[in-house]
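Visitor: These are the residues of each chain, in order.
Number of protein chains: 2
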Amino acid sequence: MSSGQQSVTALKKFTNFTNWFDELLLNAKIADNRYPVKGFIVYLENGAYIIEKIKRLLEEKLEKTGHKLMYFPLVATEELFSKEAEHIKGFSREVFKIEQREEKGAERILIVRPTSETIIYPMFKLWIRSHADLPLKIHQSVNVYRYETKATRPLYRVREIPWNEAHTAHESPSDAERQVKEAIEIYREVLEELGISFLLLKRPDFDKFAGAVYSIAFDAWNPDGRINQVGTVHNLGKNFSKAYDITFEKKDGSRGLVYQLCYGFGYSRVLAAIIAQHGDDRGLVLPPIVAPTQIVLIPILFKGQEKEVLEYSREIYAELKDIWRTTLDDREDITPGEKFYYWEMMGAPIRVEIGPREVLEGIVTLTRRDTLERLQCNRSEIVKEISQLMEKISQNLREKSKRMLYQMILDCRELEEAAKAVDNKNIVRAAWCGSMDCAQKIKEHVGGEIRGERYDVGEHPDRPCIACGQQAKTIIYIARAY
Amino acid sequence: MSSGQQSVTALKKFTNFTNWFDELLLNAKIADNRYPVKGFIVYLENGAYIIEKIKRLLEEKLEKTGHKLMYFPLVATEELFSKEAEHIKGFSREVFKIEQREEKGAERILIVRPTSETIIYPMFKLWIRSHADLPLKIHQSVNVYRYETKATRPLYRVREIPWNEAHTAHESPSDAERQVKEAIEIYREVLEELGISFLLLKRPDFDKFAGAVYSIAFDAWNPDGRINQVGTVHNLGKNFSKAYDITFEKKDGSRGLVYQLCYGFGYSRVLAAIIAQHGDDRGLVLPPIVAPTQIVLIPILFKGQEKEVLEYSREIYAELKDIWRTTLDDREDITPGEKFYYWEMMGAPIRVEIGPREVLEGIVTLTRRDTLERLQCNRSEIVKEISQLMEKISQNLREKSKRMLYQMILDCRELEEAAKAVDNKNIVRAAWCGSMDCAQKIKEHVGGEIRGERYDVGEHPDRPCIACGQQAKTIIYIARAY
Numbered sequence: 000m001s002s003g004q005q006s007v008t009a010l011k012k013f014t015n016f017t018n019w020f021d022e023l024l025l026n027a028k029i030a031d032n033r034y035p036v037k038g039f040i041v042y043l044e045n046g047a048y049i050i051e052k053i054k055r056l057l058e059e060k061l062e063k064t065g066h067k068l069m070y071f072p073l074v075a076t077e078e079l080f081s082k083e084a085e086h087i088k089g090f091s092r093e094v095f096k097i098e099q100r101e102e103k104g105a106e107r108i109l110i111v112r113p114t115s116e117t118i119i120y121p122m123f124k125l126w127i128r129s130h131a132d133l134p135l136k137i138h139q140s141v142n143v144y145r146y147e148t149k150a151t152r153p154l155y156r157v158r159e160i161p162w163n164e165a166h167t168a169h170e171s172p173s174d175a176e177r178q179v180k181e182a183i184e185i186y187r188e189v190l191e192e193l194g195i196s197f198l199l200l201k202r203p204d205f206d207k208f209a210g211a212v213y214s215i216a217f218d219a220w221n222p223d224g225r226i227n228q229v230g231t232v233h234n235l236g237k238n239f240s241k242a243y244d245i246t247f248e249k250k251d252g253s254r255g256l257v258y259q260l261c262y263g264f265g266y267s268r269v270l271a272a273i274i275a276q277h278g279d280d281r282g283l284v285l286p287p288i289v290a291p292t293q294i295v296l297i298p299i300l301f302k303g304q305e306k307e308v309l310e311y312s313r314e315i316y317a318e319l320k321d322i323w324r325t326t327l328d329d330r331e332d333i334t335p336g337e338k339f340y341y342w343e344m345m346g347a348p349i350r351v352e353i354g355p356r357e358v359l360e361g362i363v364t365l366t367r368r369d370t371l372e373r374l375q376c377n378r379s380e381i382v383k384e385i386s387q388l389m390e391k392i393s394q395n396l397r398e399k400s401k402r403m404l405y406q407m408i409l410d411c412r413e414l415e416e417a418a419k420a421v422d423n424k425n426i427v428r429a430a431w432c433g434s435m436d437c438a439q440k441i442k443e444h445v446g447g448e449i450r451g452e453r454y455d456v457g458e459h460p461d462r463p464c465i466a467c468g469q470q471a472k473t474i475i476y477i478a479r480a481y
Numbered sequence: 000m001s002s003g004q005q006s007v008t009a010l011k012k013f014t015n016f017t018n019w020f021d022e023l024l025l026n027a028k029i030a031d032n033r034y035p036v037k038g039f040i041v042y043l044e045n046g047a048y049i050i051e052k053i054k055r056l057l058e059e060k061l062e063k064t065g066h067k068l069m070y071f072p073l074v075a076t077e078e079l080f081s082k083e084a085e086h087i088k089g090f091s092r093e094v095f096k097i098e099q100r101e102e103k104g105a106e107r108i109l110i111v112r113p114t115s116e117t118i119i120y121p122m123f124k125l126w127i128r129s130h131a132d133l134p135l136k137i138h139q140s141v142n143v144y145r146y147e148t149k150a151t152r153p154l155y156r157v158r159e160i161p162w163n164e165a166h167t168a169h170e171s172p173s174d175a176e177r178q179v180k181e182a183i184e185i186y187r188e189v190l191e192e193l194g195i196s197f198l199l200l201k202r203p204d205f206d207k208f209a210g211a212v213y214s215i216a217f218d219a220w221n222p223d224g225r226i227n228q229v230g231t232v233h234n235l236g237k238n239f240s241k242a243y244d245i246t247f248e249k250k251d252g253s254r255g256l257v258y259q260l261c262y263g264f265g266y267s268r269v270l271a272a273i274i275a276q277h278g279d280d281r282g283l284v285l286p287p288i289v290a291p292t293q294i295v296l297i298p299i300l301f302k303g304q305e306k307e308v309l310e311y312s313r314e315i316y317a318e319l320k321d322i323w324r325t326t327l328d329d330r331e332d333i334t335p336g337e338k339f340y341y342w343e344m345m346g347a348p349i350r351v352e353i354g355p356r357e358v359l360e361g362i363v364t365l366t367r368r369d370t371l372e373r374l375q376c377n378r379s380e381i382v383k384e385i386s387q388l389m390e391k392i393s394q395n396l397r398e399k400s401k402r403m404l405y406q407m408i409l410d411c412r413e414l415e416e417a418a419k420a421v422d423n424k425n426i427v428r429a430a431w432c433g434s435m436d437c438a439q440k441i442k443e444h445v446g447g448e449i450r451g452e453r454y455d456v457g458e459h460p461d462r463p464c465i466a467c468g469q470q471a472k473t474i475i476y477i478a479r480a481y
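Each protein sequence line maps, in turn, to chains A and B.
Under numbering that gives the first Met the number 0, the residue at position 477 of the first sequence is numbered 476, and the numbers go up by one with no gaps.
Under numbering that gives the first Met the number 0, the residue at position 70 of the second sequence is numbered 69, and the numbers go up by one with no gaps.
The set of hints was computed from the structure by calculation and includes no laboratory data.
Among the hints, a few may not be true.
For identical chains, the list gives no copy identity; a pair is met inside one copy or between any two copies.
Unchecked claim - Mimicking DSS-like on lysine-lysine, the simulated pairs with C-alpha atoms at most 30 Å apart in a straight line are:
(1) K67 <-> K124
(2) K37 <-> K67
(3) K67 <-> K320
(4) K249 <-> K11
(5) K136 <-> K149
Keep in mind the model is a prediction, meaning the values are calculated, not measured.
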């Protein structure tokens, strides 16, 4: 077994992320951003495919933990939408509205869901009677609509947002807390399987979900230094059950309000993270678990030996295709070199080259997309070898991404230093006293937002607040965000 | 092996369909119609589950035949929406509209898709360059929105409609014709697997899809005699490619317009057909292929023998659960009789009873939901026996439904006779001369609509037109419809 290695660079994605990303979206058939309504994009075959894969990974875990799939309407009435005061404050400016003329001539406004609390919780009120109905755990994968006034960016900030949202109701605050942990674990597992690394942050109070007691976010790193929030878990306490009057009979016969959670997982943002964290200058580098083509076979044809090579390729194809999503690229109008280039851009995890030498020696030549490392193995060992390679690729992507995340984090003690770091595409780690004044100062001077403190790791401040120099309460992460 | 049989009646669904159906929707956790916006319903856990199963059955077949999954936006601009004259005439009155205020203060109206031709075809124009790009076959499973002014009915006539829509483009009329056949075959196979019977009808010209050359429809029977259109296939010819300027370079170097098809499969209507065609007075009767619970195990406990029965039940559960979706109903707060009642309503295809006698004799007692027939088999043969039963149940449902369809069809030669037949929940088979005058007369006198002529079977008129008595051109089917 011999091995060689070519260099893998990801220069362009770090120096000119936007161009690199936009070009790749179209070339690798992920998405088409030319649809003539701002913030609405078309998901092309590979984008739609990968999103479906992510959806199934997530939904399987949700269902295994007792979440029931249900589907709720797209629209709320203005009355339903307005019940929770904080919630409407947070969302009312960014909703799409439909004017509905009813038969009787009356007009009413329908709100297109920016998220579905106001649509789902009136139903919870009908369904929940007693403690025997709890916990209630439901989920749906749908699009939500937000009238983004900031510049839109395909996959990152769109007006039509494909996501999964889960909503749960519980008897007690401790049940709700346990559910926070379960939700985090589900999202963490999916992101781990996709090799996406992130900071798990508790958002500062001023940035929590409108109507929540507190919010936990999964902040994935991006090559341009801007955080990509891929998922959030919100403990709603009794805020919504008060507003929507969702009560239950307790075991002791008295009535109480339920405790609620909602959590969301953004499919287009997770897709963006897969592209942005793993890709390189040659194109996509897809984790095997979601790749539309996991293995591409490329026959190298020389005059007079076409038949043997094609036959051998087809035999190997037949052997692999029931185990992995395999493509035999036997197009005749392009060269093997062009095929290499094409499938590198498409991010196929493993390339199998088969030429006269491979036939003669009874071997195959394999190339990993992630490292471009080439190796040969005996034909009889191809299934075993590829199984191991797939595992190695997944693991390498996961580890590489994690290393990059920690490389991007920069400890700062001064605002100016932090501003430079953010400009330099870093995520700033700093101490904060917790005051709104200092939060404001940080935002103004640093040009990034306080994303929050780590939820999974207790970090105690070993220095004064970066803004006022007084006693700090917490260690926070500061970054630009999408 | 012994066998017994209880009577199965479906009286209520034929005598009072609406009540029977509405009650069942909520009781069997299919859908909740209490959401406070007209025509928008909530799909509960079993409804959502069955729809997902139907979706996967269909999408697998679409993908196997080369249709690519893509996702297109919810909204069109008014300009895009207005390009095809017939199309806008057909749909403009029933669209929901969103008013969009852009940054510059300009307002524009967005049309919420009632179907996606006007959203997808501008993209086809960008993607299609030459014959090498054809055929182009895409599909998506999404909701479409139609502002129904008639009374809404859950699953049948709603304003939010879950469906799959496919759109294809071809080089030639003969390629398009071949695609019509492929589309019909795909839908036919799915309906066959679900045991749903239907008439495959070519709609009369005045009732074809707005913008189509002709339309083929899958009209499923319903217990109240009203036809339930579950799928349609439309040959669009060059009507839309003209309007959206979708051209390609032919093999000979000249340019031409593409030939197009669109076809749609209504998930909520197919779900309605499953409930309505197979259900009986006890509740749902689900085809095994979509049943959330395919087998329910019910232990029958007698004092002093609980342990053995539960142990035996758990062993059998362990044996079945990896092969079928199996539920062990070991609830302690309700009786076996109540469980029987509950699972009959939920439509679980096979019930397995296990009591002391079963333990003692090493057998199980199986009950088919479709016929309520009971039989016993040796424990060692349970997997084999259930496999056969599942097959028999599917086949019985399919055959029973087909028999009912042909029972409902009544040959009529006079308008009065036809009117009585429609009133009596029949589908009328009659001869028609093809004139609009007679179509109008039929509608007025019979109280049903001309649904069209059979597409799969050539039927030649053996009698004069039912309305004018002149020479008939075709045999048509007349029925009320949802």
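Visitor: Is it within a copy, between copies, both, or neither that the alpha carbon of K67 lies no farther than 30 Å from that of K124?
Guide: Only inside one copy: K67 and K124 sit 17 Å apart there, 41 Å across copies, limit 30 Å.
Visitor: First find the shortest C-alpha distance between K136 and K149 inside one copy, then the shortest across copies, and answer within, between, both or neither for a cut-off of 30 Å.
Guide: neither (34 Å within a copy, 35 Å between copies)
Visitor: Pop the pair K249 and K11 into one bin, within, between, both or neither, using alpha-carbon distances up to 30 Å.
Guide: Neither: 59 Å inside a copy, 38 Å across copies.
Visitor: Is it within a copy, between copies, both, or neither that the alpha carbon of K67 lies no farther than 30 Å from that of K320?
Guide: between (33 Å within a copy, 19 Å between copies)
Visitor: Is it within a copy, between copies, both, or neither that the alpha carbon of K37 lies no farther than 30 Å from that of K67?
Guide: between (34 Å within a copy, 25 Å between copies)
Checked against the numbered hints above, the structure breaks hints 4, 5 and satisfies the rest.
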